Amino acid sequence: MSSQKKRDQLILHTALTAGRIMIENGSEVERVEDTMERIAHNAGAKTSQLFVMITGILMAINGEVGAQIEPVKRRTFDLEKISVVNDLSRQFAAHKITLQQFANQLDHLDKSTKYFPFWLQLLAAAMVSGPLEVVFRHNLPDFWITCVVGTVGWLVFYLLSKFIQIRFLSEFAAAATIGVLAIWSVHLGLGNSVDDIIIGSVMPLVPGVPITNSVRDILAGNLVSGPARGVEALVSAAAIGFGIAMVLQFL
Amino acid sequence: MSITEFFIEAAGNYVATIGFGILLNIPRRALNYAGWIGVLGYFVYKFLVIWGGGYVIGNMLGAVVIGVASLQAARIKKMPMILFNIPALVPLVPGGQAYQMIKYFALGQNSTAFVFLIQVVMISGAIAFGFLLSELVNRVQQRVWRHRG
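Line by line, the protein sequences are chains C and D. Quick note on the working numbering: the first sequence kicks off at 1117 and runs consecutively. Quick note on the working numbering: the second sequence kicks off at 245 and runs consecutively.
Excised from the complex, chain C in its bound form (with noise of 0.2 Å):
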C-alpha cells in the first residue's frame, strides 16, 4: 500500500469517526459538516465529499482510496463529546497535533465515557425540578417535594433507560411515577397542588436537545434530518403526556 493512500485512508478515518462521534451525542448536522470539511481540508485532501444523516455519514475524499460508510447507531446525549472533538479539531488546525494522534484521541474518546458523578446528577434533576416549580407556578411551600419527586422520576427514567433501553418507555415509565408519587404526596399531606408538583417534576425529562437541533437542522436546509428528530422530541413528549395523563384517569 502506497504511503499517500494510507494518508487518504487515515484521513476518512479521521473525519468519519469525529462525525459519527458529533452525531451520536446530540450534535446538529451541520456543525458535522462543517467539523468534517475542515478535518479534510487541514489533512491536506483537495476536495471532500459529505452526505450526512443522523442515520448515518458517507464521504469520500479527491484521492485513492473509494468512498466510505459510516452507520450512527445509537444516539445519546453528552454534549461534552461534541466540545472535545471540536477542541481537537481546532488543535488539528492550528498544528499542534498530528493526524495520527487526533486519530488516536478519537478511538479514546470514542470508549471513554466522562458523566458526572451519579450523586450530583441525581442533585441536578432535583435542581430542574425544584426552582422551576418555584418559577413557573410560583407555589414555594411545594419547593422541597417537588424536588423529591423530580430526583425519583429522573432516577426511573435512568435507570430503565440504561438497563432496558426502550427510550420512550423509560420515559412513559418516569412520567407515571411521577404522576403517582405526586398525587400520593398530596394525599400524604406532604405537597398542596398536584398539578405544580407534576409540571415541576417532568421538567428534567424534557427533550431539549432534539427540540433546539430539530430547529436548527431545519433552518439550515437538512430537511431529513431535522423533521426526523423533530419525530424523536415529539414522541418522548407524546410518551411523557400519555405517563401522565394515565395517572390523571385514575384521580
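No lab work stands behind these hints, which were simulated from the structure alone. Please read all numbers here as calculations on a predicted model, not as lab measurements. Do not rely on the hints blindly, as some may be mistaken.
[Claimed, not checked] Using 25 Å as the maximum straight-line C-alpha spacing, the simulated DSS-like pairs for lysine-lysine come out as follows:
{"id": "1", "chain 1": "C", "residue 1": "LYS1230", "chain 2": "D", "residue 2": "LYS321"}
{"id": "2", "chain 1": "D", "residue 1": "LYS290", "chain 2": "C", "residue 2": "LYS1230"}
{"id": "3", "chain 1": "C", "residue 1": "LYS1122", "chain 2": "C", "residue 2": "LYS1212"}
{"id": "4", "chain 1": "D", "residue 1": "LYS322", "chain 2": "C", "residue 2": "LYS1212"}
{"id": "5", "chain 1": "C", "residue 1": "LYS1212", "chain 2": "C", "residue 2": "LYS1230"}
{"id": "6", "chain 1": "C", "residue 1": "LYS1278", "chain 2": "C", "residue 2": "LYS1230"}
{"id": "7", "chain 1": "D", "residue 1": "LYS321", "chain 2": "C", "residue 2": "LYS1212"}
[To be verified] Anything over 10 Å on all C-beta distances counts as not near chain D; from chain C, calculated:
{"id": "8", "residue": "LYS1212"}
{"id": "9", "residue": "GLN1216"}
{"id": "10", "residue": "GLU1348"}
Positions of the beta carbon are idealized from the N, C-alpha and C atoms, including for glycine.
Dock chain D against chain C, hints included.
Same frame as chain C, but now just chain D:
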C-alpha cells in the same frame, strides 16, 4: 412583580439551567455562562409579558436573545454554541400549558384542552421562529465581522 419575586425567579432559572446542563453533561467551564444566558432569556420573556407584549412575542424575543447571546458565549469560550442554547431554552418550555392540555384531555374536557393546545403550539412556534431570527442576526453579524477583519 416584586423585588423578592425577581430574585427568586432569577436564582431559580440560574440553578435550573445549570441543572439541565449537568444532565446533558456539558463541560464544567460552560455551565456558568449557560446559566446566565438562561436567566437573561427568561427575563426578556417575562418583562415583555409584564409590559403587555403578549406571550408569543415574549417567547420569540426570549429565544432570539438566547440565540444571539449563545453565539457570543461560544466565541468567547471557543466552544460549540449548542452547549449554551440548549440548557438556556429550558425555562421557556411551555411545560405548564402542556400539562394542563394533557390533564383536560385526560379528564375529557376537550374544549378547555384545545385552548391550551393552541397555546402550546403558538409558544413552540414562537420559540422556533425566534431561533430563526437569531440565526439571521448571527449570520449578518458574521458578515460584518468578516468584512471588518
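Here's how the hints hold up against the structure:
no.	hint	verdict
1	C:LYS1230 x D:LYS321	holds (20 Å)
2	D:LYS290 x C:LYS1230	violated (36 Å)
3	C:LYS1122 x C:LYS1212	holds (21 Å)
4	D:LYS322 x C:LYS1212	holds (16 Å)
5	C:LYS1212 x C:LYS1230	holds (24 Å)
6	C:LYS1278 x C:LYS1230	holds (16 Å)
7	D:LYS321 x C:LYS1212	holds (19 Å)
8	LYS1212	holds (14 Å)
9	GLN1216	holds (24 Å)
10	GLU1348	holds (14 Å)
Of the numbered hints listed earlier, the single one contradicted by the structure is hint 2.
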